[in-house]
Each structure stands twice: as structure tokens, then as C-alpha cells.
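Asks: For reference, the chains in residue letters:
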Amino acid sequence: MIKLDARGLSCPEPLMMVADAMKKHPGEEIEILVSEMHTKTNVENFCHDKGRAVEVTPQEFDILIHIK
Amino acid sequence: MSLTDNKKKLLVWGIVSGLAAVMLALSGNPKNMAICIACFIRDIAGSVGLHKAAVVQYFRPEIVGIVLGAMILALINKEFKVVGGSSPIIRFFLGMIMIIGALVFLGCPTRMVIRMAAGDIPAWIGLIGFIGGVVTGSYFIRQGFSLGRSHKQPEAGGYVVPLLLVVGLIIAAFTTVLFASESGPGSMYAPLLISLIGGLVFGAIAQKTRMCFGGMFRDIALLKNFNLFSIVFGFFLTMLVYNIVTKNFSFQMNGNPIAHAQHLWNILGLYIVGFAAVLLGGCPLRQLILMGQGNTDSAITFVGMLLGAGLAHRASLASAAQTTEAAGGPGLNGKIATIVCIVILFAVAVWKSQRKVKYD
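Heads up: the sequence lines are chains A and B, in that order.
Using our numbering, the letters of the first sequence correspond one by one to residues 1 to 68.
Using our numbering, the letters of the second sequence correspond one by one to residues 1001 to 1360.
Don't read these hints as lab results, they were simulated from the structure.
Cβ atoms here follow ideal geometry from the backbone N, Cα and C, with glycine treated the same way.
It is possible that part of the hints are untrue.
[To be verified] Straight-line Cα separation of at most 27 Å, DSSO-like style, residue types lysine-lysine; simulated pairs: (1) Lys-1352/B x Lys-68/A; (2) Lys-23/A x Lys-1352/B; (3) Lys-50/A x Lys-23/A.
[Claimed, not checked] Stretch by stretch, here's where chain A covers chain B in the computed footprint (C-beta under 8 Å, at least three residues): (4) 1160–1174; (5) 1219–1232; (6) 1275–1286.
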């Protein structure tokens, strides 16, 4: 499982991190922590385009996205 | 079911956002300006006395509407979150630089698309510079460019600048304290309520769809993702149909309203906008939306754009429009500022790319 921390980063850094992890570790599950809803939506849509399932778990201030 | 999860839906939202711009153009705003973010920030700067260009002074309700539209929707959807602290001072100056670039071209990326949809060839040529700027910014993103993380901020901070905008609008509507143009583009405006509603609708759509004129080419360059492009293409289509139906469409090099045909400076002006937009994580419109969502860094960027617009006219950095007597374009000050802005952008990009993170 790859763990990424994209909290507080501007666009497109969170997506770059996900894309980079997908490229370097094909097929491996990724867990990414983001802090804003639009980042969550961007990551979700990006994963949807890549055919990857996502599970979103809201936390107290952040959002955990599990990419399967 | 999400309303924004695929390109077709985003295209439809883009078309609808264009209708808001059409409504504004039909109601009195300059036709090929409609909802230009840079122009309207410049007009607000003039209305509060940050510059003395008498033809571009008006407290544009659209800007207030866009911010409030984004804020209201973000509050409803529980997406309002007050964050900040990601290199605010650098963002302030990047905001200044971005608007100076826009005023050398005479329009932000939103107006670039509006002008393109009217057949304005210099805007199509300027697009080359805009794409070039986005590609340059994207290169540095790939090299690990980052302005750092934002963090949770005190709740009240997210409301400060939007509230100031509302207060400004109230003052503009009910008093004569602020400056208002009697001729020129600043004197052409839709009725206040229509402007406000147009802004609210446009802002809400932009918030929901994450519409960004810089992001569209950035996402294509970095991620081969066409989602944001779909929205802007929809917006372009509506403006194109509007221009054809109202016989505003004219594929021409010269004689375009409030524009100039100094191609090098159009290209370089928009190069600055594209480059700065990528470094800032969004175009001028996107900065307004993020501010509405509680991002205090974007609020500071907006203040930078406001002061930058004031400076652009105070120091004669902004271009003059082409007339039958004069070619228009930037004067010497504007040309020097353009080069200086590009040098600063490269300096910031190189400086903030000094991290270990590199993307393949």
C-alpha cells in the first residue's frame, strides 16, 4: 500500500502524486490524505478515468481516499 | 449520481455558464468582455481609486456575485473550509504579475475565449502565448514546483475579503462615493441585479465544475485529462453561437473592440497569465472561486490582482486599445514590465522547484 499526504497542496500537485504513484507502482493500492473537497473530487474523477475504484473516508478535518 | 463526473455533463455546464455571460452581454456589458475577470477587477480597482483611468472605473457586481455564488454553494455542500498559509506573499505578487500580463493582452483567459468566439484573430494568436505559459508552468510542476501546504485558519478569515466586496457593492449601489466611468468600457454595464445574478450563477457553476481556464491546458499537458477543457469548450460554443446569431462574429485581425493587434505583446502578456496561473494553481476566475470556498491564499491573490490592476494603469503598464488612429498595445513601460514579470516568474519557478520531489 502506497501512502501519500497531499493535505493543503494546490492543484495539480495531489493528482500529480497519484499519477506518479500509479505509474511507479502499477496496480498497487494507494491511500491519499487530502484536505479539500475539490481535491477529493479531482482524485475521484481521475481514478474513475483510470478505471480504479475509490473509497472515501471523511476524517475530522481531512479526507482519506483509498484507491483500489 | 454526480452532475459533474464526465466530460459530457461538464460540456453542458460549460454551455450553461456561457448563457450567463450572454445574458450579461445582452444586458449592457461590453459585448466581447461579457464576464472578463481581469477587466472587471481592473474596473473595481478604478472605482475605489487605485487608478485614474476614467474610462475603466465601475464596481462590477459580477465579481461579488462570482465569489458569493461559489461561497453559497460551498456552504450548502459543506465544501467551505478556511485554509491558508501557502506562501501568501509570493501568491500576492504572482497575483499582481498575472493581472499585469492580462492587461498587456487586454483580457484574462476568460476574455481570451470570449474574444476568440467573436473571431478576434489577435486573441487566437495570443492563445499560443497562453498555452506556452501553461506548458512552462507545467514543466516546473513536474520538476516539483510547490508553494507549500496550506493549513487550517481561523474561520473568520475566510469571510474577510468577500465581506469587503459586499460592502463595496453596497456603497457603490447606494452612494456616489466610488468612481464610475461616464464613457468607455466602464460606462457599459448590465443593471446591477442582472450583473449580480449573472455572477452568482457563473460562480456557482464554476465552483461545482472546478472550471479553470489555466487548469484546462495544464491538465492536458500533465495528465492528459480533458475534463476542464470540456467545460471551457462548452463556454466557447455558447459564445460562438451568440456571436453568430447576433452578427457579432467577424474573423478579423484589426478593428476588434477593446483589443490590439501587437501580436508579440499579446503572446507575451498571455504567456505571463498562463505561467502565473499554473504556479498559483488556478486562473483569475479560479482564484475568485477558491476565495469563495474559504481559501485565504486566494483572497490574498485577489488583493494582489486588485493592486496589480491599479498599478498597471497608474504606471501605464496596461495596453491601449487599437483605434482608427493608433495601433494600440503596450507602451515602453508595459513592454519593460512584461519582460520583468517573465523574469520574476522564472525566478520563482526555479526557486520553488528546489525539492526532492520529481514527477516522471
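Asks: Give a verdict on every hint.
Replies: Taking the hints in turn, this is what the structure says about them:
1. For the hint linking Lys-1352/B to Lys-68/A, the alpha-carbon distance of about 32 Å lies beyond 27 Å, and the restraint is violated.
2. About 24 Å separates the Cα atoms of Lys-23/A and Lys-1352/B, which keeps this hinted pair within 27 Å; it holds.
3. This hinted pair checks out: Lys-50/A and Lys-23/A have alpha carbons roughly 11 Å apart, not beyond 27 Å.
4. For the region 1160–1174 of chain B, the stated coverage by chain A is violated: 0 residues have a C-beta nearer than 8 Å to a C-beta of that chain, whereas at least 3 were required.
5. A stretch counts as covered by a chain when three or more of its residues have a beta carbon under 8 Å from one of that chain; for the region 1219–1232 of chain B and chain A the count is 5, and the coverage holds.
6. Counting residues of the region 1275–1286 of chain B whose beta carbon lies closer than 8 Å to any beta carbon of chain A gives 3, which meets the minimum of three for the stated coverage.
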